[in-house]
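Chains P and V supply the protein sequences, listed in that same order. Mapped onto this note's numbering, the consecutive letters of the first sequence carry residue numbers 1 to 218. Mapped onto this note's numbering, the consecutive letters of the second sequence carry residue numbers 219 to 489.
Source of the hints: derived by calculation from the structure; they are not laboratory data. Hints are supplied without guarantee of correctness; some may be wrong.
[As the list claims (entries may be wrong)] The list that follows gives simulated cross-link-like pairs (lysine-lysine, DSSO-like), each with its CA atoms no further than 27 Å apart:
hint: 1; chain 1: V; residue 1: Lys-232; chain 2: P; residue 2: Lys-141
hint: 2; chain 1: P; residue 1: Lys-115; chain 2: V; residue 2: Lys-299
hint: 3; chain 1: V; residue 1: Lys-460; chain 2: V; residue 2: Lys-297
Spelled out, the chains give:
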Amino acid sequence: MSKIRTHTVTFPLTRQEDWKETIPRKLLDLQPGLVILDCLDWFLNCTDFQKIQILFNQAGLTIILIQSSIPETIVSASAIGLPATLKIASNEKESKKSLGQNFHINENPSVLFKKGTLRSGESLEAEGDVLLLGDVNPGAKISAGGNVMVWGRLRGVAHAGKTGNTNAKIVALQLRPLQLRIAQAIARGPQEKPLEGFAEEALIESGQIVIKPAKAHI
Amino acid sequence: MSTNTRTILICSGKGGVGKTTLTANLGIALAKQGVKTAVLDADFGLRNLDLLLGLENRIVYTAQEVLEESCRLDQALVKHKQEPNLALLPAGNPRMLDWLKPEDMQRIVKMLSDQFEYVLIDCPAGVEDGFKNAVSASKEAIVVTNPEVSAVRDADRVIGLLNTHSINPVQLVLNRVRPNMIANQEMLSVDDVTDILALPLLGLVLEDEQVIVSTNRGEPLTLSGSKSPAARCYSNIASRLKGEDIPLIDPSKEGSRIRDKFKRLMQTKIF
Ligand SMILES: Nc1ncnc2c1ncn2[C@@H]1O[C@H](COP(=O)(O)OP(=O)(O)O)[C@@H](O)[C@H]1O
Ligand SMILES: [Mg+2]
């Protein structure tokens, strides 16, 4: 019986290299099978991941997990349905993460990061962007001066751009909030059932909050 | 016994969802299964655990006298006549609320832990001092809720607070489940509730008139060995709490399966 192989493919360590060249070269040596892709601290958007998926599929490889130390990369990967986990490099940060406290990731100090569910009556506020790995339950509130990113189900209240930034976005794996606010605009959440596995985003278009599949760069 | 004693808070946030009824029935069911169990009425404002257990007329002293050291613990404990493995520590005067501190609650529960294997604490509704005192003396919790949006919302709030007190495990009991209403989508389903609360489900208790009848008699359903639906639910919860592997059945899904079969029958016979 042949065993299915699981390979680990890692992004280039330095920015001097272009991953669009090095990754295809790495794939040449690999037998078809499953892949864990470690993106290190590269910023990747949904379009990048779509390209990556095509590259790997052509080589007979299936991505089973994306690892990254960048929250935006994680959200982009999960937005197109790839399973992704946040990997935090140093031990010091690891220990903070396990305590479930809020903290800023060094690589990007403007993102407040928290792991866990926000339950009714709880709230999470950030001056810059906020990334929650978990659900926002009904009765809970998440707000940020910048973008609100929820890698989970958003069912409470979310406010992005709370100091007036009308370009701010709200992204969630399931965007079914009770109420959404971006800058001064307010909208009630949609009633229909969301599509499984695809992130959605809310943003302001011609003065109104609209919700669409999260495709663009986050 | 002290360190192995399981001290379990029975709480809900919202009032009237069935905490006291669960505490009484679970207490009796555990005692019947041979476990030395104490039930502590921590709802000093609206004490009624004694009533549900039919022990009201046997109370001499309460937790208050024990704390004031004007009586010993065993003088205040009311042993259940038919189920001697179960004892109740009654709540004192509602004015206890004014001075009771988390340390007092911890002291009482510590004393009970020396004599019992399980201590079930009937928590007051709300998230204020009464709740906080009770949490501070508990290691585990059972959150009781009904399949109603407002009860679930309050339960969620309570779970958040329990997490900040490192209570572990926190398990869920969904009370007053009505399979027909769920099947007709008139009520939140079991999945709807667990989806939001994200807690391990310890058990369901069906809506059952016998619960009300037994409450009025001061004889918990589990006492008489009643075969009523809720009685079975309570016994199963007791067994699961002890770690027995009793499968959970979602009655609304069972129900619909039966309904489907019935529909098929109807169709084949062409009524
Ligand atoms: N499974 C059930 N079926 C029918 N009635 C119930 C059930 N559980 C509780 N009740 C009723 O609900 C009411 C409130 O219950 P109680 O245990 O006093 O709630 P709590 O202690 O949370 O305030 C009581 O009248 C009780 O008889
Ligand atoms: Mg009560």
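Structure-based check of all given hints:
1. V:Lys-232 <-> P:Lys-141: Holds. Lys-232 (chain V) to Lys-141 (chain P) sits at ~21 Å (cutoff 27 Å).
2. P:Lys-115 <-> V:Lys-299: violated (50 Å)
3. V:Lys-460 <-> V:Lys-297: It holds: about 22 Å lies between the C-alpha atoms, which stays within 27 Å.
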